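J.: What follows is each chain in one-letter form.
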Amino acid sequence: MEFPVIVSPDNEDLLEKLTGRRVALRVGRWDRIAAGLEMVRKSGCSLFCIIVESDRPVADIDFGDCPAGVPLALMAPSTGRFRSLARHLDMLRTLNLRVYLPWDSAENLPGLRILSSVGINCCAYSETGLTDWEALADLATYALLERAPHAAIEPFAYIASNYNPSEYLHWGRVMFDDPTCFAHSDEAGRVALSRSELARGCFVARSPREISAWPELPEVRDRKLSWKRFFAENHPCASCPGWKICLGKFSAGLAQNGGCATFFEEMIDLVHRYRAMPAPRREVEIWRP
Amino acid sequence: MAVTAIQLCLAVLLPLRGKALFARNDTMPNILLTTLCNRSCPYCFAGNEMPGPANLISRENLIYIADFLLASGQRHISLLGGEPTLHPECLDFILYLLDRGFNVTVFTNGILGQCDLDEFKRHLAGVSVERLDFVCNLNNPIQTPASAQESEKVHTFLETMGPWTTPGFNIYRLDFSLDFLFDYIGRYGMKRRLRLGIAHPVPGSRTDFIQTGEIREVVSRLYSYRRFFDRFRVSPGLDCGFPICKFSDEELGWLHRFPGNPFFGCGPAIDISPDMSVYHCFPLSKYHRKSLFEFDSMARLREHFRTIRSAIQAEIAGIYDECDGCQRREDGVCSGGGLCRIVGRFVDEAPIRLAEIEDGISGYRISG
Chain A
2 MEFPVIVSPD NEDLLEKLTG RRVALRVGRW DRIAAGLEMV RKSGCSLFCI IVESDRPVAD
62 IDFGDCPAGV PLALMAPSTG RFRSLARHLD MLRTLNLRVY LPWDSAENLP GLRILSSVGI
122 NCCAYSETGL TDWEALADLA TYALLERAPH AAIEPFAYIA SNYNPSEYLH WGRVMFDDPT
182 CFAHSDEAGR VALSRSELAR GCFVARSPRE ISAWPELPEV RDRKLSWKRF FAENHPCASC
242 PGWKICLGKF SAGLAQNGGC ATFFEEMIDL VHRYRAMPAP RREVEIWRP
Chain B
8 MAVTAIQLCL AVLLPLRGKA LFARNDTMPN ILLTTLCNRS CPYCFAGNEM PGPANLISRE
68 NLIYIADFLL ASGQRHISLL GGEPTLHPEC LDFILYLLDR GFNVTVFTNG ILGQCDLDEF
128 KRHLAGVSVE RLDFVCNLNN PIQTPASAQE SEKVHTFLET MGPWTTPGFN IYRLDFSLDF
188 LFDYIGRYGM KRRLRLGIAH PVPGSRTDFI QTGEIREVVS RLYSYRRFFD RFRVSPGLDC
248 GFPICKFSDE ELGWLHRFPG NPFFGCGPAI DISPDMSVYH CFPLSKYHRK SLFEFDSMAR
308 LREHFRTIRS AIQAEIAGIY DECDGCQRRE DGVCSGGGLC RIVGRFVDEA PIRLAEIEDG
368 ISGYRISG
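Residue numbers (my numbering), protein chains in the order written: chain A, 2 to 290; chain B, 8 to 375.
Watch out, some of these pointers could steer you wrong.
One side of the interface only, derived from the structure: several residues of chain B facing chain A at Cβ under 7 Å [claimed, not checked]:
id, residue
1, 77
2, 78
3, 99
4, 102
5, 106
6, 182
7, 299
Away from chain B, derived, C-beta distances all over 10 Å, residues of chain A [as the list claims (entries may be wrong)]:
id, residue
8, 65
9, 83
10, 139
11, 217
12, 277
Here are the simulated distance ranges between beta carbons [unchecked claim]:
id, chain 1, residue 1, chain 2, residue 2, range
13, B, 132, A, 168, 33 to 39 Å
14, A, 289, B, 318, 52 to 58 Å
15, B, 283, A, 82, 20 to 26 Å
16, A, 82, B, 82, 44 to 50 Å
17, B, 310, A, 120, 38 to 44 Å
18, A, 63, B, 82, 32 to 38 Å
19, B, 298, A, 278, 39 to 45 Å
20, B, 136, A, 82, 22 to 28 Å
21, A, 259, B, 298, 28 to 34 Å
22, A, 270, B, 298, 19 to 25 Å
23, A, 270, B, 310, 44 to 50 Å
Hints were generated in silico from the structure; no laboratory data involved. Since this is a predicted model, take the numbers as computed values, not measurements. Ideal placement from N, C-alpha and C gives every residue a C-beta, glycine not left out.
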């Protein structure tokens with residue numbers, strides 16, 4: 002197992018402790034990108050990407066200059082009004098950018114489709130666990146089978162490229178949610194396996210120094226093999242047709258909304274249809290976690 | 008040997024024979040953003056779509072249509088309603104479609120609130136007039152009077168968006184007057200093209216329209232304005248349903264002096280409603296209505312409506328008896344008048360019809 006990328010806040014002292022490591026730097030505003038790049042350069046870390054965590058809709062962000070080619074992940078609550086977004090599009094299309102929107106909000110599903118259709122790479126992710134599976138399947142169908150040119154929508158594009166019927170597919174990495182690839186650090190240097198665990202204060206290491214033994218950490222090993230639990234408990238997820246690309250990710254909400262099984266089954270069918278297309282559409286290639 | 012205007016017309020159009028010229032291949036599909044309207048015109052041909060609860064097109068449907076058209080190689084799109092600017096996201100949709108590479112035409116009545124108009128101006132000021140066209144449907148203020156407030160809004164719209172605006176006028180009475188339009192064009196710096204529609208009967212709806220036997224009178228009155236067209240350098244653009252035989256050689260020759268070929272056809276316009284229904288045109292909105300999801304390209308969609316037209320015209324060739332065997336129609340230079348009028352003839356003249364053609368048409372009567 003490779004050493005993970007550390008998803009870190011833009012804290013100079015913390016970055017100095019991570020010298021030599023690859024970092025995905027979290028900044029709170031677009032205008033912090035330049036300072037963040039400088040911080041990473043000074044610290045001797047190597048940059049994996051900059052994650053801009055905005056509390057404003059994409060359309061309302063004050064986009065300043067950004068060096069071309071820097072891998073950027075922009076996390077925003079929504080796209081905002083297209084009339085405001087339109088003036089930024091020419092600039093955004095020149096960037097090595099992926100926009101992340103939570104799929105839990107109904108307005109974001111058309112929002113993701115709009116972004117993709119105007120050539121902005123994007124990614125849908127679950128924030129609260131509330132999912133309209135049917136609407137998400139529509140978005141996946143659009144992402145993979147639409148003939149008109151459009152940019153990639155993750156995680157569907159990742160699943161379509163990497164799905165292998167004889168293997169399990171971990172696609173959480175496209176949204177920095179895979180402990181074999183990413184470790185999440187807070188300002189104090191404490192480390193968690195995922196962003197949500199970081200928010201809940203569930204840490205697996207008290208300082209970056211402990212990370213040197215990352216692959217050996219019991220929590221990381223357990224998480225990697227956590228799928229086995231579903232078989233041991235004879236959980237319904239283990240016999241789901243979509244198991245190989247879901248691996249029980251949505252088991253917590255199964256009782257409330259069992260639409261995930263249909264979704265993942267449909268997802269596998271979409272992948273087959275995507276691969277059977279005579280000339281699969283080529284996406285604009287940008288960085289990918 | 009003198010070449011008559013009709014010979015000139017045929018020389019231009021005949022090489023295109025067999026390409027169903029009256030069903031233009033470059034037909035712009037019309038997307039109804041909403042069924043809401045804030046004006047009540049006596050000739051309204053969209054009335055069948057307007058009643059009932061307000062219907063707004065969703066973002067998902069708009070994106071689907073944009074993708075559908077792009078995949079079909081279409082680069083022009085028209086937005087209409089109801090009144091399209093009443094859709095709260097009308098401006099966003101215009102900007103979106105422009106960004107997708109479409110040239111956009113918006114059919115409006117120009118009745119916008121000041122805030123909306125300011126937003127339009129702010130966001131559209133940088134858009135080329137070649138790529139964005141507001142066709143503003145203007146009524147004669149004397150013959151079709153409106154409230155002072157409504158008139159003021161239209162004038163404010165024209166003052167603000169004049170350079171992006173083509174005037175449109177619907178002829179629904181024989182004493183129509185166009186004078187005011189030439190004044191508007193100069194005063195507001197509008198595009199120098201006047202889109203002229205002839206009001207057609209709408210099955211099932213009681214609206215004012217030009218009777219089939221009155222079309223020659225309309226053409227004659229229209230031609231009486233030739234000096235205005237020439238002096239103000241405004242080109243007349245004929246909308247659907249003008250039959251070529253109602254124009255004299257002199258009138259045809261005059262039309263040919265303007266850019267673009269005059270049009271003596273009839274759609275299909277192809278209207279797409281907010282619920283994704285598709286139909287030939289407004290007057291025939293209830294006739295052989297389909298869902299857009301049943302088609303995989305514009306070509307298939309056009310073909311569907313052309314097939315229906317062919318089936319109809321195999322029984323009744325056109326709006327006049329003389330359309331049967333007419334060389335111009337067979338050559339594809341003229342459609343034999345508007346399909347809505349041809350379908351209307353079934354109601355009165357052909358009691359026994361093919362089920363395929365019938366499609367419930369006898370359920371409505373032609374208005375008037």
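J.: For this structure, which hints from the list above don't hold up?
T.: 6, 7, 9, 10, 13, 16, 17, 19 and 23
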